[in-house]
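Here's the letter readout for the chains.
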Amino acid sequence: MRDRLLKYFLVFPAIFVVASTAFWPLFQSFYLSFREWKLNRARESRALWDYEYDGLENIAYLFDNYLLALEDDLFWNSVRVTSIFTVTSVLVSVGLALGLALLLAPGGKFRLTVRTLLILPFAMSPALIGVSWRFMFQPDFGLFKAFFDVLIPPLADVDWLGDANLAMIALVGSEVWHWTPYLTLVFIGGLATVPQDAQEAAMIDGANSWRIFCDVTLPSILPVLAVGIVLKTIFSLKMFDQVYMLTNGGPGNATQTLAHYIYFNGFKYYNMGYASAVSYLLVIPMFGLTWLYMKLVFLKR
Amino acid sequence: MVKGSKNKFLDFLQFLVILLTAVFILVPIYWIVSGAFKHQVDIFQLKLLFTPTLENFEIIFRSPYNLFDKLVNSTLVALSTILIAIPIATMAAYSFSRFRMKGERLMFVTILATQFVPAVVIVLPFFILFRDLGILDTRLALVLVNLSLVMPFAIWMIKGFIDSIPLDSEEAALVDGSSRFQVILNVTLPMALPGVITAGIFCFILAWNEFLFALIITTNKAVTLPVGLSLFHAEEGVLWHLISAAGIMIMLPMFVLATIIQKHFVQGMTMGAVR
Numbered sequence: 001m002r003d004r005l006l007k008y009f010l011v012f013p014a015i016f017v018v019a020s021t022a023f024w025p026l027f028q029s030f031y032l033s034f035r036e037w038k039l040n041r042a043r044e045s046r047a048l049w050d051y052e053y054d055g056l057e058n059i060a061y062l063f064d065n066y067l068l069a070l071e072d073d074l075f076w077n078s079v080r081v082t083s084i085f086t087v088t089s090v091l092v093s094v095g096l097a098l099g100l101a102l103l104l105a106p107g108g109k110f111r112l113t114v115r116t117l118l119i120l121p122f123a124m125s126p127a128l129i130g131v132s133w134r135f136m137f138q139p140d141f142g143l144f145k146a147f148f149d150v151l152i153p154p155l156a157d158v159d160w161l162g163d164a165n166l167a168m169i170a171l172v173g174s175e176v177w178h179w180t181p182y183l184t185l186v187f188i189g190g191l192a193t194v195p196q197d198a199q200e201a202a203m204i205d206g207a208n209s210w211r212i213f214c215d216v217t218l219p220s221i222l223p224v225l226a227v228g229i230v231l232k233t234i235f236s237l238k239m240f241d242q243v244y245m246l247t248n249g250g251p252g253n254a255t256q257t258l259a260h261y262i263y264f265n266g267f268k269y270y271n272m273g274y275a276s277a278v279s280y281l282l283v284i285p286m287f288g289l290t291w292l293y294m295k296l297v298f299l300k301r
Numbered sequence: 302m303v304k305g306s307k308n309k310f311l312d313f314l315q316f317l318v319i320l321l322t323a324v325f326i327l328v329p330i331y332w333i334v335s336g337a338f339k340h341q342v343d344i345f346q347l348k349l350l351f352t353p354t355l356e357n358f359e360i361i362f363r364s365p366y367n368l369f370d371k372l373v374n375s376t377l378v379a380l381s382t383i384l385i386a387i388p389i390a391t392m393a394a395y396s397f398s399r400f401r402m403k404g405e406r407l408m409f410v411t412i413l414a415t416q417f418v419p420a421v422v423i424v425l426p427f428f429i430l431f432r433d434l435g436i437l438d439t440r441l442a443l444v445l446v447n448l449s450l451v452m453p454f455a456i457w458m459i460k461g462f463i464d465s466i467p468l469d470s471e472e473a474a475l476v477d478g479s480s481r482f483q484v485i486l487n488v489t490l491p492m493a494l495p496g497v498i499t500a501g502i503f504c505f506i507l508a509w510n511e512f513l514f515a516l517i518i519t520t521n522k523a524v525t526l527p528v529g530l531s532l533f534h535a536e537e538g539v540l541w542h543l544i545s546a547a548g549i550m551i552m553l554p555m556f557v558l559a560t561i562i563q564k565h566f567v568q569g570m571t572m573g574a575v576r
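Residue numbers (the numbering used here), protein chains in the order written: chain A, 1 to 301; chain F, 302 to 576.
In short, the hints are calculated from the structure, not lab data. Possibly wrong hints are sitting among the right ones.
To be verified - Straight-line distance between alpha carbons at most 20 Å, and here's what the computed SDA-like set of lysine to any residue pairs gives:
(1) F:K522 with F:E537
(2) F:K309 with A:L102
(3) A:K268 with A:I284
(4) A:K109 with F:F505
(5) A:K145 with A:L155
(6) F:K307 with A:K38
(7) A:K109 with F:Q416
(8) A:K38 with A:Y8
(9) A:K38 with F:V318
(10) F:K564 with A:Y269
(11) A:K109 with F:Q315
(12) A:K295 with F:Q416
As the structure is a prediction and not an experimental result, all values here were calculated from the model.
Just chain A, with the same shape it has in the complex (with noise of 0.2 Å):
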């Protein structure tokens, strides 16, 4: 059979692209984590543990970048920062979604019309999301204010971006906005599935809607539920673009999540194996969650 050569043949290029812009970069990070690096004074990486010098019982210092990233305060804050994104953008983005997606599911032409909509978020560039949501929040003439001028008039000269709390609420709505259009079109899909007769049978038993949810609806909805929180959980974590358009991090460190953190300590410090170092600490927990994600995605097959 020819066909045994050609099936390896056939797989081979898409191997080696993956292998080399995404394996290898893995492991070069990795490795980088064990050395020390500033890019702009050093040509090249230094060993942090020389075992014929420093001897075994100190191997320790092999974990030097790590240990100064658990010792820094601002490495925690990035953990706290990039917890409380994620928590609550999950949670807004995918309670909303799903409610949205139980209103819009029934079709009709108004409901269609308002679900083509649904897709335009997610293919604007998050870069320009984070950008339009700046310019909405500008102070002195954006469209928050003149909309609190005319509504909430105590509100109208809140500087959103310059107040650590606030700012954080700016960078969840423009997430939100980002995410629960597109999750809403997920979870329509998945809605499609609960079957009908079951639903009409609860019906004439006279259960209400709320029971109907609980008991039909959201159990044969759950697999498409968990895949959406997974997903955006992992999105959410790894999260860079909008920081960094809408509030930089700032004020202060107030919003700076671990991506943010990692871009600045390697592209603005030079620090490559520090930043190294802390890219593992942010793969480590999105190994767990690809796992997760590839068993409920590929668990009914």
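Go by the hints and put chain F onto chain A.
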């Protein structure tokens, strides 16, 4: 009677919420679009009525902004990325779909999993490599890194399309004495073409909107449109009217492309967990 009027009220409430959703989606988009046609003075005045102008679009294409160069960079980078990725992905997708291989499942899942590696981890070693090779700030460098972004999606989407093509037509051609290679070229590929193009459009959108790689790898010559948004900072502040005009150039083509492939756009990101 009471029940009926209650239902009418609920219907109206639903209508209202859906309408508000539509407004919520459209307002930020409208904000950019209207800003792009405002004179700079109108930006500061928040007037609902203003005399629209096309001047902003003229300014962004002139020096010092030269947005045309960024437009060319964005287009060439996204196009080259899919021109390399899609044929390679199609070959692999065919193999994954039609043949059984040792460790096939592991290989497939591992490739798909790479889409979740944070971009900042990927770009760090590449930045060092490109610096050593002296190809920082080139379109070539950006295309190479972008491949990591699109490959998993391309392979997964195209495999889905090939899976849905019945084996019969391929087998008939094989019995007639065609080689497997001829079958792929003359039978499978034409049938899979709409799917391949859909995957191409999806990956084009991903590459077009990509920001972090371009931010780190390009500084001047190879800057793409999203990174170019940072150009519009002047001494007197941010030039919102110009940012908005550039924003239209970034988002409008993607709105068109995403609408064309709407259904697959949703499936592409969730790996078919949703049909």
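Structure-based check of each hint:
1. F:K522 with F:E537: 26 Å, violated
2. F:K309 with A:L102: Satisfied, since the Cα-Cα distance of roughly 18 Å is no more than 20 Å.
3. A:K268 with A:I284: 24 Å, violated
4. A:K109 with F:F505: 31 Å, violated
5. A:K145 with A:L155: 8 Å, holds
6. F:K307 with A:K38: 68 Å, violated
7. A:K109 with F:Q416: 36 Å, violated
8. A:K38 with A:Y8: The given pair, whose Cα atoms are some 42 Å apart, is violated under the 20 Å limit.
9. A:K38 with F:V318: Not satisfied, since the Cα-Cα distance of roughly 54 Å exceeds 20 Å.
10. F:K564 with A:Y269: 43 Å, violated
11. A:K109 with F:Q315: 14 Å, holds
12. A:K295 with F:Q416: Within the cut-off at roughly 15 Å; holds.
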